[in-house]
Amino acid sequence: MSTLLEVSGVSVTFDGFRAINNLSISIGQAELRAVIGPNGAGKTTFMDIITGKTKPDEGRVIWGPRSISLLDLSESQIARQGIGRKFQKPTVFEAQTVRENLAMALKNPRGPFDVLFYRKSRATAARIDEIAEEIGLTEDLPRRAGELSHGQKQWLEIGMLLAQDPQLLLVDEPAAGMTPAEREHTTALLVRAAQTRAVVVVEHDMEFVRRLNCKVTVLHEGSVLAEGSLDHVTKNQDVIDVYLGR
Amino acid sequence: MNRSFIARNPSVLWFLLALSVFTVAVTLMSEVTGVGLISTSFVKTLGKTLCLCLIAIAMDVVWGYCGILSLGHFAFFGLGGYAIGMWLMYARTELIVVESLANAPLPPTETEVTDAIATQIFGVVGSSEFPLIWAFSHSLTLQLLMVVLVPGLLALVFGWLAFRSRVTGVYLSILTQAMTLALSLYLFQNDSGLRGNNGLSGLQNIPGLDAVPQSVISIAFFWASALALGLGYVLFAWIVSGKMGSVIRAIRDNESRVRFLGYHVESYKLFVFTLTAIVAAIAGALYYPQAGIINPAEIAPIASIYLAVWVAIGGRGRLYGAVIGAAFVSLLSSWFTGGSAPAVNLGFYTINWTDWWLVLLGLSFVAVTLFFPKGIGGLFDLIVLKPVADRQGDYGPDKGAWRREEGEP
Ligand SMILES: Nc1ncnc2c1ncn2[C@@H]1O[C@H](COP(=O)(O)OP(=O)(O)OP(=O)(O)O)[C@@H](O)[C@H]1O
Ligand SMILES: [Mg+2]
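Protein chains in written order, with my numbering: chain G, 24 to 269; chain A, 597 to 1005.
Some hints could be false.
Under the rule of at most 35 Å between Cα atoms (straight-line distance), these lysine-lysine pairs were calculated in the DSBU-like manner [claimed, not checked]:
id : chain 1 : residue 1 : chain 2 : residue 2
1  : A       : Lys970    : G       : Lys112
2  : G       : Lys76     : A       : Lys839
3  : G       : Lys78     : A       : Lys970
Hints were generated in silico from the structure; no laboratory data involved.
Can you build the whole structure from these sequences, using the hints too?
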């Protein structure tokens, strides 16, 4: 399996506090990966580094077959490279409708003039309907996103992620605020997405991670503590000490 | 799905209708038709007001839709005015000079004519030579091009520098204000090449049209202003209604999230900033021939602050709100400051509106911001019925989710 994303030797310091410490992780072309770790382990910061929100003090982040360094790119360039992200706290555009939110995310040229002369087509409308169906918001398409419940906003953000059609999906705590049935639906969706692209999921819920049935990376104090199958890492004594045993 | 632009934006049709009716009504009542219910000077006031409405919708797009509180758009407005004013002054002075030299025993040479024009125009600032920036002033076409190019380029360069370094919010407003102040102070200098604090004057006299009475000229400019406002309205309505509008409103609400969707936020801001600056300049180029005079005080930051006040009172984020705000407040303002408003005698103190109008305006601004954030335009929401989601209970657990009491449709 060839590598899609290679993070190596990355460190980040916030006001003298080392949030990420010599972190190295690599993600394959079509891989599902779960990242777990206690609060403050640096999971969200790890995603911030990949998406260009935080610039690391040292280390390399190499992307794709042409081995581009993501550290030289801006947030929007990284997103256009094919890296999509769902935030821990759902962030959708509350003043706009669900349809507008999805249309904005839909994979299309992103330049101002492309957008200015953009015309709705049957194909894009159909794609939006398809995504809405998938995330269970068909009825809510004309509603303002601000009116949605917390769980529905989570879904909308997942929908926006799917609409972007990225090669790498970074999903930060997707199941928070969801019912057990919805969690199951999310798992299925992520597993399906990972058949054609790479998906990295940060999640606290062990049951959820177990159902993803994938390789797990345990982060602790900004670096990798253990990596392997869920059964493998849960047997690791260090992991039990810092995380599971609490 | 693919309904026409007008069908999706019925307010555009209503606006154009109202504007046409207004234009025709004013024309019929003006001195041109002989009815004379509306004096020529009031026609000019109304024409100027239409120009102010045009810059107000530009301001609404850049501030109300894109979230950039620019305190520099009146600078672009003024630059547009200066650009057209240069041609008006040059061409008119040329006619006068040529006429007076025609009686000379020898026909004047070209240099003599140019020198005479320069002396006429720059005598007040103790100069008799054309500064470099007047190089195109002999040509209407070139100078019209300058109306668009100079403010457009200034906005482009300034915006590029400001947005690129990700200056936002209050800091960006201060930066735009600094630009405006610097420009105005520069123009106040006598050697700025634009006649310092004298500014450009006599702009109401259109070269070659001396025989045409001002009543006709005023109506012509009134129509031109109405046309520009109509076109500007349609242009901006088109921009803010489609996907572009969706993206720029998203930038206003959460620009970093827009970046993570892959949009280059700075390009969008630059596009909106520059386009609105150009429209502001066109509005200025139509305004000052009706005002007759332009001087650097017009560019001072306070003008741009008024502009923000109009848009806020009219209602941000809807174009007709900006029009209402600009028309209402600027007309009211000229009524109060013009001394037409009756003084209020409180017994112990007499309120003279020329002194107290600004206080009243300030208080209204604070009241609108606090109690009617949607402004006057928000009243239209009471007329237009909107479907209300039938929903019981709270909307969601976190602060971002609207609760029942704030969950308006
Ligand atoms: N911008 C920042 N400034 C200062 N400190 C920060 C910043 N971002 C993150 N941190 C710190 O870095 C550490 C790691 O944070 P991070 O959000 O990555 O943790 P996490 O693993 O996502 O935790 P959780 O499970 O609670 O979401 C925390 O101690 C946090 O306080
Ligand atoms: Mg986190």
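Here's how the hints hold up against the structure:
For the hint pairing Lys970 of chain A with Lys112 of chain G, the CA-to-CA distance comes to about 28 Å; that is within 35 Å, so the pair holds. Between Lys76 of chain G and Lys839 of chain A the alpha-carbon distance is near 25 Å, which keeps this suggested pair within the 35 Å criterion. The straight-line distance between the Cα atoms of Lys78 of chain G and Lys970 of chain A is roughly 40 Å, outside the 35 Å bound, and the hint therefore fails.
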